[in-house]
Amino acid sequence: MAETAAPKTSPETNLSLRTSPAELLSAAFEAGSVPGTVELREITFLTMVGLRVPRDTDAGERIASVTGGLPTTCGAVSGTGDTSVLWLGPEEFLVVAPSEAHESLGGDLIQALREALGDDAGQVVDLSANRTTFELTGPRSRAVLEKGCSLDLHPRWFKTGTALSTEIGHIPVVLWKTGDESYRIFPRASFAEFLGRWLLDAMREYASPEVP
Amino acid sequence: MLLISCPNCGSRDETEFHYGGQAHVAYPENPNELNDREWAEFLFYRDNTKGAFAERWLHSTGCRQWFNMLRDTVTYEIQAVYAMGTPRPAAAPPAAESGTASTAPDSTTTGTAGPSIAATSTATGTASPSTTAPEGATK
Ligand SMILES: [Zn+2]
Chain D
1 MAETAAPKTS PETNLSLRTS PAELLSAAFE AGSVPGTVEL REITFLTMVG
51 LRVPRDTDAG ERIASVTGGL PTTCGAVSGT GDTSVLWLGP EEFLVVAPSE
101 AHESLGGDLI QALREALGDD AGQVVDLSAN RTTFELTGPR SRAVLEKGCS
151 LDLHPRWFKT GTALSTEIGH IPVVLWKTGD ESYRIFPRAS FAEFLGRWLL
201 DAMREYASPE VP
Chain F
1 MLLISCPNCG SRDETEFHYG GQAHVAYPEN PNELNDREWA EFLFYRDNTK
51 GAFAERWLHS TGCRQWFNML RDTVTYEIQA VYAMGTPRPA AAPPAAESGT
101 ASTAPDSTTT GTAGPSIAAT STATGTASPS TTAPEGATK
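These protein sequence lines are chains D and F, in that order.
So in the numbering used here, spot 24 of the first sequence is number 24, and the numbers just go up one at a time.
So in the numbering used here, spot 123 of the second sequence is number 123, and the numbers just go up one at a time.
Keep in mind that the hints were calculated from the coordinates and are not lab data.
There's no promise every hint is true.
[Unchecked claim] Sample of chain D residues at the chain F side, in silico, Cβ under 8 angstroms: (1) PRO90; (2) SER150; (3) SER165; (4) THR166; (5) GLU167; (6) PRO172.
Beta carbons are placed, not taken as given, at the ideal position from N, Cα and C, and that holds for glycine.
Isolated chain F (complex conformation) (with noise of 0.2 angstroms):
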């Protein structure tokens, strides 16, 4: 069981939150000059990361409000909650040992696709093993 502190309310037990996914997808600028391919990467496609990661939460029991968070998908350890609409903390702040290893190549992916969403579709459109895992799913 995590113990989330909401910026809100505090630390809560995990099961009054809900999951709400990747941080920092902005939806297309001009959604209407996206092909279909990229449409579905930016409706479906998302990073697994092994490490820092930076995510949406929902304090859904709570005070009903959204926030982000950077949290470690193998050790589970928060290293950041922080406001919806601001961007991702540079590096995990105090307990860095395995976090700066793990969040530096990973916050540049995500730096980038952060602000322009641009980036994000064609970053992931021509970044190969992402095409190739899914259309194998499919079949």
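The shape of chain D in the complex, shown without the other chains (with noise of 0.2 angstroms):
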């Protein structure tokens, strides 16, 4: 219990100090869900990793394969286990990966990424902090988007498993469509709040019932 020589943080410590973005926001995302037709939650404390590196060199081929290879083109996700890299530039990407990757919750993923990287030129930069996952679901979860979102999100040229940075709400977010009708929605920090009251304002007609 009162162990002097307890490290001064602990993973347990670590998590219970945090406040994420939307914390604020968490009853009324539990308020504007509809269940089985629009579904809004906040994932927090993602880890994530933004990359700078050409994937033809040899320090993007030792990335590539702590990540289980990088994306190839606009849209592409790639990554192995619960470790994902979106496409965010030819040569910039977006590792996503569980809170428990991070080093401050015992993880070594981002340790591995730079020694990966090594001395060579490239970017491997914590950014965690940078940005707050949205998740969006259920049958309506396309149309909520829609209402703010210049993308064609129609299945047949928006194809789950891919990534896209644009806007929502004139928000800039990196939006990955997850499965057939649930999304990931990445926003920054700090327009977390303006983008959660916009999305919990775009469902809400889907709470009455339609209008014959």
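Now that you have both chains on their own, put them together as the hints suggest.
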């Protein structure tokens, strides 16, 4: 209990001290979700790592062996297990992994990526606090997004398993279609509250019975 | 609303892009040798083309990469999208009708301006219409 030699921080302490960017909306997300129609929640504290490295270099190949590949084209997502790599640009990628992969919770993903890059030109940056994650699910989720996104979200164009940088409600986000009726939305932390409220507003009509 | 075809991402709405001004304005090779007038012309003076105009664009909410675009400033027709650092396409490729007419004189102007900046600054420097207009504007 009163161990003086205990480490200053432990995974439990680290996690309990954190406040997620949209925590103040968690009750509103629950209240505003329409079960079976469209549901919204925040997934907190995912580990995110910004990568800047050309794919066709030695460093690129070493990093790809850690992440399970680097996506080659716009929209593509690669990865292995629960680690995914989203294409952001020709030489820029976003790694998304569970919270436990972060070094503050005992993970070693970022360290492994840093070691893979070594002294070569490129970047491995811990961006876990840069964005938060919203998960929007349900048969109406596409209709909600279409109110404020200029992409063609029809499944014939926006395929499950792809991720694109775009804007939703004028907020720059990465939009990742994780299932036929589920999306992950990555807004920057400072935009999370606005976008959360925007999505709640866009979802509201589906709580009422449909007007014939 | 323009539908702009990013070389990396494909067609996206204009709102995802930022305009970067005239393309092929090279940094002066010897900035120290320019007088104030020439330096000002490098910094601030740009063509005001009616017709096909080579300009830079940034896909700011997408892949965040720059590219060049040949766009008709009258019809807004996008005639070519090409990589930074590559020369301006000689003529508008397919839909030429109004394009070729207006491209021909303009492409010679920007064509010489592209590779050597000395040509740009002297060209704009000696062009009397562009020297009188701003002076009047500042008064
Ligand atoms: Zn792009």
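Results of checking the hints against the structure:
The closest approach between the C-beta of PRO90 (chain D) and any C-beta of chain F is roughly 6 angstroms, which is under the 8 angstroms cut-off, so the hint is satisfied. Taking 8 angstroms as the C-beta contact cut-off toward chain F, the hint placing SER150 (chain D) at the interface holds, the least distance being around 4 angstroms. Nearest Cβ of chain F to the Cβ of SER165 (chain D): about 5 angstroms, under the 8 angstroms cut. The hint holds. Given the 8 angstroms rule on beta carbons, the hint for THR166 (chain D) holds: about 6 angstroms separates it from the nearest Cβ of chain F.
About 6 angstroms separates the beta-carbon of GLU167 (chain D) from the nearest beta-carbon of chain F, less than 8 angstroms, and the hint is met. Annotation: interface hint on PRO172 (chain D) holds; nearest CB of chain F at approximately 5 angstroms, less than 8 angstroms.
The structure agrees with every numbered hint stated previously.
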